[in-house]
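Residues per chain, in single letters:
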Amino acid sequence: MTVLPTFDTDLSDITSTEASLRRFLHGLPGVDQVGAEARAASLATRSIKTTAKQFAIDLAISMIDLTTLEGQDTEGKVRALCAKALRPDPTDRDVPRVAAICVYPDLVGVAKQALAGSTVKVASVATGFPSGRTSLAVKEADTRDAVAAGADEVDMVIDRGAFLAGRYGQVFDEIVAVKQAAQPAHLKVILETGELSTYDNVRRASWLAMLAGADFIKTSTGKVAPAATLPVTLTMLEAVRDFREVTGRQVGVKPAGGIRTTKDAIKYLVLVNETTGSDWLDPDWFRIGASSLLNDLLMQRQRMATGRYAGPDYFTID
Amino acid sequence: MAERLAVKKTYKLYVGGKFPRSESGRSFQVTDSKGRFLANAAWASRKDARDAVAAARKAFPGWSAATAYNRGQVLYRVAEVMEGRYAQFVDEVSAGEGVTRAKAERLVGEAIDRWVWYAGWTDKIAQVVGSSNPVAGPYFDFSVPEPTGVVAVLAPQGSSLLGLVSTLAPVLAGGNTAVLTASYERPLPAITLGEVLATSDVPGGVVNILTGKLSDTAPWLAAHMDVNAIDLAGAAGDSAHARELELAATDNLKRVVRAPEAEPDWTAEPDLERITAFLETKTVWHPVGI
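Line order of the protein sequences matches chains A and B.
Each residue of the first sequence is one higher than the one before, counting from 1 in the numbering used here.
Each residue of the second sequence is one higher than the one before, counting from 1001 in the numbering used here.
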C-alpha cells in the first residue's frame, strides 16, 4: 500500500473547500516514475500458457466494453456490434459474452433494443466526449439524454484544461453534478491520462474522481495518443486499492485504447492480480475498452481449441 | 603480418523487411557438401512462421494493389542487385550443392535470367490468362486474374538458388506475398537473396524467409487459416510428409501445388504454370447500353 498522509477519514472535510482539496491532492505521495515503469515491465514478462491462458482469454472477453466511437457510426453498425457482443464467435457457444457495448449517446436506444433481455450492459460516452469542452449545463443535458435512452453506464470525460490549471474544485463539482444527472446509471470517469503528462497527475486525478463519487475510473477516450499504458493503469490500480483501504468503497478501473492483442490483455490481467488482488478480476470491477482486441482473443481461443493458427477472414469485422 | 582470422557469420531470419533472430533462440550449423562448416543459420520455430504470415498479410494490400508495371520494375531491380552479388551466389551454390565453379556460374546466371523472365510477365499475364467473354446478353463480360493472397513456398531442398527463384518469383509476379522456407541443408543462397530483397525496392513483408527444419514450420504453415496457398516443392521425395501437409491444408481449402515424386530439373524451360497456380479469376458482368 502506498503510504498516504494522515488525514481525517471524514472525506467531507477534504472536499469541503477547494483549498482543502488541493492540500489533500498535493499531499498524496509522488509516483516513482522509474519504479512504476520497471514494475509494469517486469509483470509484463510473466509467461501465461495453456490452461491459465484459456482462463485469461475467457476472462478478458467477459471484461470487454466493445466500443465503437466513430463519426461514421450507423444504427446498422451498432446492431451488428450488439450481435457480436451477444455471441462473439457464432461457431462456438462456449465463448462468454462481453461486458458492455460502448457507443455515442444518440445510438444508446438502438443498442438497448438490440441487447434487450441480455446481461450485456449499454455504456454511453457523454459530457461533450472526447474533449469535454462544453458548459456544465450541456454536459448534464448530454448525460440525462443518454440515461433517458436507457444507458446503464455513463462514461464522462473530465475537463483536463481545468485540472491542469489546478482548478480541482471545478473538476470535482462537475463530476458530482454529472453523477447526479446520471442516476441510476453507473458513472465511469475518463481521466484522459495521455493529456495529464505525469504519473503524479494520474494519481491526483484518480483520487479526485473517486472522492467525487466515480464508480469506475477510465484511462482514456481512445482519441489521444498515448492511450492506456501499463504504468498508468498500475498507478490507477494502486489508487483504487488505497481508496478502498481508506474508505471501504471499491471503485473499478477501465483501461481503454491501444489494447489490441491477447498478449496485451493478459498483461493487464496480470497487473490487476498483482496490484489489487483477485477482488478486481471481475467484469464488475475491471473492464477493457476495445474493439479490435475481441477478434484477436477469439483467434487465440480458436488456435488453442483447434491446434492451428486462425485467420481474420473467419471472424466478423466490426 | 599474421594471417587474418575469417569472420564466420551467424545469419538471422528475414521477416517483415527486418532481420530478426529466431524466437526460439536456436541456430544450426550450415556445412558445405563435404561437411565443412560454412556459417550458422537461424532455426525458425512455429512462432517465427506465425510472425512471417502476419507480416506477409500486412504487406499484401500494398503489393497486390501496385500496378503490374510497377511490380515488374521492382522485380527487375531485384535481378540487378542479384547481379551485383553474382560472385557470392556462385560461392554459395558451388559449396552447398557440391558442383564445379563453372556449373555454379551457369546455375546462378540462369537463376538471375529466370528472375528477369518472371519480372517481365507481371504486366503480360493478364492479357494471356484474362479474357473478354462473348455472352448471350447485353453485357460486357470480362475475366481478370487476381492474386490468391499469402502463399507459403517450401523451396526445393536440392537446387538452392535456381529452384528457389523458380518457386518464389512466379508467386511474386502474380501479386501474392510469400512466406518461404529455405532448403534446410543449403540455406545460404536464400539468406543472401533476403539481403538482396532488403536492399532493393521490394516492400518489407512481401517476402519472408525462414531457415531451419521443414518439419518445424511447414505443418503450421499448411494448417494456418490465414495462408491462402502452399507450394510443396520442398517436400519432394518425401511423399508421407507431403501427404500430411496436403491434409493439413484442407481446413481452409488452400490452393496446393503438390510435391513431385523427386526434385525436378529446374534448368528446364519454365512455363506459366507456377504463375497461374497462384491466381484467381474474377469475372465481371457489366451491363452495356445503360
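These are calculated hints, taken from the structure and not from any lab test.
Values in this document were obtained by computation on a predicted structure and should not be read as measured data.
A few of these clues could be false.
[To be verified] If you want the footprint, here are the derived chain B segments under chain A, 3+ residues with CB under 8 Å:
1) 1220-1228
2) 1246-1255
[Stated by the list, open to error] A few chain B residues that don't get close to chain A, going by computed Cβ distances all over 10 Å:
3) Lys1012
4) Arg1050
5) Arg1057
6) Pro1061
7) Gly1062
8) Gln1088
9) Ala1102
10) Lys1124
11) Tyr1139
Where is the CB? At the ideal position from N, CA and C, for every residue including glycine.
- Item | Verdict on chain A covering the region 1220-1228 of chain B, criterion of 3 CB contacts below 8 Å | Coverage by chain A holds for the region 1220-1228 of chain B (6 residues, Cβ < 8 Å).
- Message: Please check whether the beta-carbon of tyrosine 1139 of chain B is more than 10 Å away from every beta-carbon in chain A.
- Response: holds, 30 Å
- Task: Could you check that no beta carbon of chain A comes within 10 Å of the beta carbon of arginine 1050 of chain B?
- Result: Nearest chain A Cβ is 6 Å from arginine 1050 of chain B, so the label is violated.
- Item | Minimum Cβ-Cβ distance from glycine 1062 of chain B to chain A exceeds 10 Å | holds, 17 Å
- Minimum Cβ separation between glutamine 1088 of chain B and chain A greater than 10 Å? holds, 35 Å
- Are at least 3 residues of the region 1246-1255 of chain B within less than 8 Å of chain A when you compare beta carbons? Held - the region 1246-1255 of chain B has 3 residues with a Cβ nearer than 8 Å to chain A, which meets the minimum of three.
- Is it the case that arginine 1057 of chain B keeps its Cβ farther than 10 Å from each residue Cβ in chain A? violated, 8 Å
- Message: Quick check for students: does the CB of alanine 1102 of chain B sit more than 10 Å from each CB in chain A?
- Response: holds, 45 Å
- Say whether it holds or is violated: proline 1061 of chain B keeps its Cβ farther than 10 Å from all Cβ of chain A. holds, 13 Å
- Message: Please check whether the beta-carbon of lysine 1012 of chain B is more than 10 Å away from every beta-carbon in chain A.
- Response: holds, 22 Å
- Message: Using Cβ atoms and 10 Å as the threshold, tell me whether lysine 1124 of chain B really stays out of contact range of chain A.
- Response: With a cut-off of 10 Å, lysine 1124 of chain B remains clear of chain A, as the shortest Cβ separation is near 30 Å.
This entry does not satisfy hints 4 and 5, going by the numbered hints stated previously.
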